[in-house]
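One letter stands for each residue in the lines below.
Number of protein chains: 2
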Amino acid sequence: MTEPTLNPESGFCRLKIDLAYDGTNFAGWAKQPDQRTVQEEIESAISRLVRNKTDSIVAGRTDAGVHATHQIIHVDVPEIGLEIENFGYLLNRFLAADIRINSVVEAPPNFHARFSAVNRQYIYKILDGGLQLPPLQRFDVATWFRPLEVEALNLASAQMLGYRDFAAFCKFREGSTTIRTLTKFQWHRDQSGYLIAEVVADAFCYSMVRNLVGAAVCVGEGRYPKEWMAQMLENKVRISDSYVFPSRGLTLTSVDYPPNEELLGRISLTLGKRDADF
Amino acid sequence: MTEPTLNPESGFCRLKIDLAYDGTNFAGWAKQPDQRTVQEEIESAISRLVRNKTDSIVAGRTDAGVHATHQIIHVDVPEIGLEIENFGYLLNRFLAADIRINSVVEAPPNFHARFSAVNRQYIYKILDGGLQLPPLQRFDVATWFRPLEVEALNLASAQMLGYRDFAAFCKFREGSTTIRTLTKFQWHRDQSGYLIAEVVADAFCYSMVRNLVGAAVCVGEGRYPKEWMAQMLENKVRISDSYVFPSRGLTLTSVDYPPNEELLGRISLTLGKRDADF
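Chains as they are written, first to last, in my numbering: chain D, 1 to 278; chain R, 1 to 278.
Incorrect hints may appear among the rest.
Where chains are identical, the list cannot tell them apart; a pair therefore holds if satisfied intra-copy or between any two copies.
For lysine to any residue, the following SDA-like pairs were computed, each having C-alpha atoms within a straight-line distance of at most 25 Å [claimed, not checked]:
1) K125 / D140
2) K125 / P8
3) K236 / P246
4) K171 / F12
5) K125 / V141
6) K125 / P246
7) K184 / D18
8) K125 / A97
9) K31 / I196
10) K16 / P134
11) K236 / Q32
No lab work stands behind these hints: they were computed from the structure.
Kindly produce the complete structure, drawing on both the sequences and the hints.
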């Protein structure tokens with residue numbers, strides 16, 4: 001892991017950028033050879049605007065097909081007198097219609113998009129009961145053929161809350177911890193009849209929300225009792241891939257940061273946690 | 001105008017089909033050479049399923065880029081023992097993801113998708129005030145750079161209600177009447193902050209909703225007083241094309257039919273109206 005640069009180099013200014021994307025036609029956030037990625041396109045646009053090759057640090061590396069309404073990144077750009085208030089407008093002219101900049105501001109001191117973040121918030125949308133999904137909703141809603149009970153989903157999901165090892169719900173990645181603090185995992189049915197899961201944690205490991213949603217659905221449809229999901233968590237053995245829900249239903253909706261004076265402390269805490277011997 | 005066939009020929013069964021589409025990648029409903037149209041794709045799918053070349057009659061011929069959540073068509077298919085309850089499922093397997101069948105039922109006697117209809121309902125969605133449209137909403141919401149006042153929109157729009165000549169708000173088409181009965185044209189702001197216009201009439205002429213929306217916006221943003229819109233209606237001179245809103249914000253949401261015993265009477269009424277000397 002590269003040591004994070006806490007503050008920009010001399011002659012550079014750190015920008016905090018809030019952006020949204022439709023993940024449908026991206027191979028995820030992270031740059032990959034010969035793939036269309038959000039990182040590649042956003043860094044190209046910024047580099048073009050500031051006329052300097054620019055790398056970004058992202059709060060939540062979303063997987064292929066996952067969407068975002070408020071992803072956060074930071075970039076360090078040369079202080080060449082460009083007016084920051086025009087950055088969003090200018091970047092949107094360079095970017096394809098499936099990425100949009102919501103806002104660009106100068107980052108406060110010690111702001112680090114990834115390591116200062118205290119929470120990542122996601123939603124997952126499902127249309128259940130075998131109902132026909134309206135075509136315009138097909139990009140960010142998953143479907144399920146059986147009806148789901150909100151109460152059963154919530155009883156199963158509430159058992160997951162807290163500081164826990166989510167090995168059963170994370171795709172294995174060498175060197176990554178699977179210990180996270182899940183602070184919200186709650187379901188409701190919206191006005192249009194869609195099931196919405198709100199999922200909040202300090203951080204998520206790879207594919208974690210889609211695994212948790214898939215396991216909760218097993219309980220929500222009555223296939224397993226809620227104790228099954230608690231047992232899976234306890235066992236720390238990865239659940240079957242067949243339970244995992246598709247990425248298209250998943251959207252990163254918010255990244256939370258502490259007050260400015262706590263940004264530095266938060267970075268130390270994040271890095272300390274990751275080094276801890278779990 | 002072809003005389004409508006009131007009932008299917010002997011050996012044929014009339015189906016009422018409720019379907020939805022994302023109009024983004026279609027050159028509208030109506031078949032055109034070398035263009036991708038909803039009519040072409042739906043008739044091909046039905047013809048393939050029933051193994052007989054099938055024409056459809058549609059309730060509302062939507063323009064290029066316009067969407068539908070509940071469009072209604074009828075088709076007469078040979079009685080060859082196919083089970084109607086499986087039609088929707090089978091057709092959806094043939095169709096691209098941007099057209100979906102909601103339901104297929106046997107039509108009641110004297111049902112005609114176009115001439116029995118009493119109302120067409122549309123919604124038009126706008127994000128105003130220069131706000132950044134989230135990428136996943138880009139397919140069915142139009143944007144406007146100035147803020148709009150719901151009350152002003154409603155005051156302007158309410159003046160349009162009734163049995164009137166909408167020549168000022170219809171693109172001219174040889175031989176078409178521009179007289180319609182508008183029964184609802186009402187605006188509200190939804191939970192997400194989008195402006196929604198609900199527009200209901202017995203029928204609409206070409207581009208009418210998009211013209212009406214554009215004119216109402218002129219009042220909603222404070223450029224003109226509401227009397228301006230009433231004057232436009234009165235003048236019967238087509239408003240400037242520059243006011244017309246884009247098709248992507250428009251969705252056909254419902255087509256209303258009378259009770260079964262009134263279907264035949266409604267057809268006579270519709271055809272009588274169109275022949276009347278306005």
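Taking the hints in turn, this is what the structure says about them:
{"no.": "1", "hint": "K125 / D140", "in the structure": "both (7 Å within a copy, 19 Å between copies)"}
{"no.": "2", "hint": "K125 / P8", "in the structure": "neither (38 Å within a copy, 42 Å between copies)"}
{"no.": "3", "hint": "K236 / P246", "in the structure": "within (22 Å within a copy, 53 Å between copies)"}
{"no.": "4", "hint": "K171 / F12", "in the structure": "neither (38 Å within a copy, 55 Å between copies)"}
{"no.": "5", "hint": "K125 / V141", "in the structure": "both (5 Å within a copy, 20 Å between copies)"}
{"no.": "6", "hint": "K125 / P246", "in the structure": "within (11 Å within a copy, 29 Å between copies)"}
{"no.": "7", "hint": "K184 / D18", "in the structure": "within (23 Å within a copy, 39 Å between copies)"}
{"no.": "8", "hint": "K125 / A97", "in the structure": "both (22 Å within a copy, 18 Å between copies)"}
{"no.": "9", "hint": "K31 / I196", "in the structure": "neither (30 Å within a copy, 39 Å between copies)"}
{"no.": "10", "hint": "K16 / P134", "in the structure": "between (36 Å within a copy, 18 Å between copies)"}
{"no.": "11", "hint": "K236 / Q32", "in the structure": "neither (30 Å within a copy, 59 Å between copies)"}
In terms of the numbered hints stated before, the structure departs from hints 2, 4, 9 and 11, listed from lowest to highest.
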